[in-house]
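**Student:** Fit chain B to the known structure of chain A by using the hints.
Sequences listed follow chains A and B, in order. Everything in the first sequence is counted per the numbering used here, starting at 25 for the first residue and increasing by one. Everything in the second sequence is counted per the numbering used here, starting at 25 for the first residue and increasing by one.
Some clues are possibly wrong.
Just so you know, same-sequence chains aren't split out, so a pair can sit in one copy or run between any two.
The calculated lysine-lysine pairs, modelled on BS3-like cross-linking and capped at a C-alpha distance of 30 Å, are [what the hints assert, rightly or not]: (1) K54 <-> K339; (2) K111 <-> K290; (3) K323 <-> K362; (4) K54 <-> K272; (5) K54 <-> K373.
Calculated directly from the structure, the hints in this document are not laboratory data. Please read all numbers here as calculations on a predicted model, not as lab measurements.
Here's the letter readout for the chains.
2 protein chains.
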Amino acid sequence: MQNIAVIGYGVVGSGTVELFEKNKEEICRKIGRDCGIKYICDLRDFPGDKYESKLVKDFNVILNDDDIEVVAEVVGGVTFAYEYTKKLLARGKSVVTSNKELVATHGAELFEIARQNNCNYLFEASVGGGIPIIRPLNKCLAGNSIEQISGILNGTTNFILTKMIREQMTFEDALKMAQELGYAEADPTADVEGHDACRKICILGSLAYGKQIYPQYVHCSGISRITLDDVEYAENAGYGIKLVGTVKPAGNGRISAIVCPRLVPKSSLLASVDDVYNAISVTGDGVGDVLFYGKGAGKLPTASAVVGDIIDCLKHHDRHIMLDWEDCTDPSYVVPYKQTENSMYVRIKAADADAEDLKPAITELFGKVMYLERNGRPDDELAFITPVMVEAKLDDALAKLSESAEIASKIRLM
Amino acid sequence: MQNIAVIGYGVVGSGTVELFEKNKEEICRKIGRDCGIKYICDLRDFPGDKYESKLVKDFNVILNDDDIEVVAEVVGGVTFAYEYTKKLLARGKSVVTSNKELVATHGAELFEIARQNNCNYLFEASVGGGIPIIRPLNKCLAGNSIEQISGILNGTTNFILTKMIREQMTFEDALKMAQELGYAEADPTADVEGHDACRKICILGSLAYGKQIYPQYVHCSGISRITLDDVEYAENAGYGIKLVGTVKPAGNGRISAIVCPRLVPKSSLLASVDDVYNAISVTGDGVGDVLFYGKGAGKLPTASAVVGDIIDCLKHHDRHIMLDWEDCTDPSYVVPYKQTENSMYVRIKAADADAEDLKPAITELFGKVMYLERNGRPDDELAFITPVMVEAKLDDALAKLSESAEIASKIRLM
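Bound-form chain A, shown alone (with noise of 0.2 Å):
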């Protein structure tokens, strides 16, 4: 039966078409029937396509078909993906999506509506692209008490910063190789600034946690005011400097999230996360940690999790499967991130010309901190790594450190 349609034409969709359709004969065994694609949904023109016959542009034609059982929403965005998967979820009709978007900012809501109709929405292409991470999470770690997620989330970034590591390129550099390699978008904000980490570490902590975890609420710096020094500076001092989203339980139950640049002791497994990889430990109670790893992003890794939940779906028809998270309109549960403690590297440069004049004034304002060196180290330069202190005690100590000098850089540690 034709009982499968995919809403969005382009990269992630026409993967999900490509990959099903390859291993169409082994993936109908798995669920024990016979399955297809039906409709593919664009407001494109496709001539010539291998799979033209099955374009339509009406999304109505496939809310109103009731041979569709399932309905990848590989659309993106939050207007009319969140629209058509409200219609299709109270219809019934299980969808599955990569849109970490609206399962981030909706998925409360969506999946009370499937849950109503019996029908599912999985997620599965919404984090780590094809490394399987949110079922794994939900079930086989389900014994555990889960003390942190952290995770290196987005390629682009993490391609940005290898070359940067690796290839002493500049950050515009490597920006521009990431776009001209098709990595990063026009518009690179959403990766660079970390919004799309964000989103994924949301996610993760709203399954971990049971409830939804807003983006609004979680703290949340990119990599583009990284640089080549910066990169020196930790790669003397054995790290690495990579773009991490970390959630964990803060007590009371609350909980901390944040995105942020950070430095990485090089001998931890995510500091030999390399190039548009991706990777995300999870630590629990009993399991202690586990490592997930793989393509982060690109067609057919991200198609390859879209065809899975598809399969679930249709193995799972009018069964409800229980992958979900409550909603939670508490402002307070994410703790926020200036009442949490961090160890920070800080560059300056001060105003005068010898920075060494500042170290006794540094001392007061931090307690004992560790100087870093790089070769040929400026006079009006250091750069030293504070101790664990509560960040609004932090900001306070650079504020008025920055009487006196420019606060250059400031990045996390692991």
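**Tutor:** Same frame as chain A, now just chain B:
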């Protein structure tokens, strides 16, 4: 309701009880109803144990108690465990297990009994301890054609090899240390000779390709003959030595599977998996390479997987989860390893003093080989890597070479 029983109160059994009781409140929330451990079955006495009141010696108490919905079989072996599992499944009670030997030898039969009785036989704990791999492979990666699964599947041997490589300990000393630390058993045969890893790769291959792969058809060699000389040659050439299980399609609906030590390029992720950690690399035609990493054994890591399966069974009471494979009685399903192609590291001891004299004969037998070096290589020793050859031809060449030299070691390349 007290609806869970644990059979076997050893390391994994006690870990299962400990982890469940610790996270009980959260676990019941996930299941959506009250659940609890009613019985722990073991023939031994545990006077003063915290859960002594739950201990029973008679298996039939569990079998005949209608409250019991799911049983964790963590006894091991294929005698009692097999009999108990069949009886429980036949009564419609789900069974979860860490028993890789039972799953690898009787999996297909037990899945069929579970299917007929609308209950489940889950085995996430049987491979990779707490590392989620069974569900990810079965569900998240279901859209892929699996091109290969390779893994470091035995923590004990990986610990021994790590000590040999990083600290130049001999095999015997490293084994003794592993035994003292509780990683290796008094009789280490199953670990050291690769039988444990073999059962695990059989389980992964059965799941990936849908038909039972019986361990007796899989060629299996262990690490007991690896010397520090081999480690040194490998290191100098940029390789680590790991015990690796591999399974992949071999064409015409057949598969190839093997467990053996391998020279692994140091640049690969598998080479950096040390100590008792396990890692499993899965290659799919959509997803590319994904890697799963974590503690492959131990009390709480394994319990993490057992408890995860208990939760899944209780969430799906009276619903069969499709996580299984068919039986396969065709002995030709697994291609004999002598028909597969490999490149081989070979170390020889020449009967005459100068091994260099053998080089023309080696070229004639194997074609162009790559010679390796180590500090203070004796005149009577040579080590080289052969081109990729059919194993049967490799064996013929080695047999001919053995007329003029002792074949001291042979290790396949990755």
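**Student:** Decide, hint by hint, whether the structure agrees.
**Tutor:** Against the structure, the hints:
In this assembly of identical chains, the alpha carbons of K54 and K339 lie at most 30 Å apart whether taken from the same copy (8 Å) or from different copies (22 Å). Taking identical chains as interchangeable, the C-alpha atoms of K111 and K290 are never at most 30 Å apart, the minima being 48 Å within one chain and 52 Å between chains. For the homomeric pair K323 and K362, neither the shortest alpha-carbon distance inside one copy (38 Å) nor that between copies (38 Å) is at most 30 Å. When the C-alpha separation of K54 and K272 is checked against a cutoff of 30 Å, the pair qualifies only between copies, where the shortest distance is 18 Å, while the shortest distance within a copy is 36 Å.
With identical chains, the CA atoms of K54 and K373 are never at most 30 Å apart, being 62 Å at best within one copy and 52 Å at best between copies.
Hint violations for this structure: numbers 2, 3, 5, all remaining hints satisfied.
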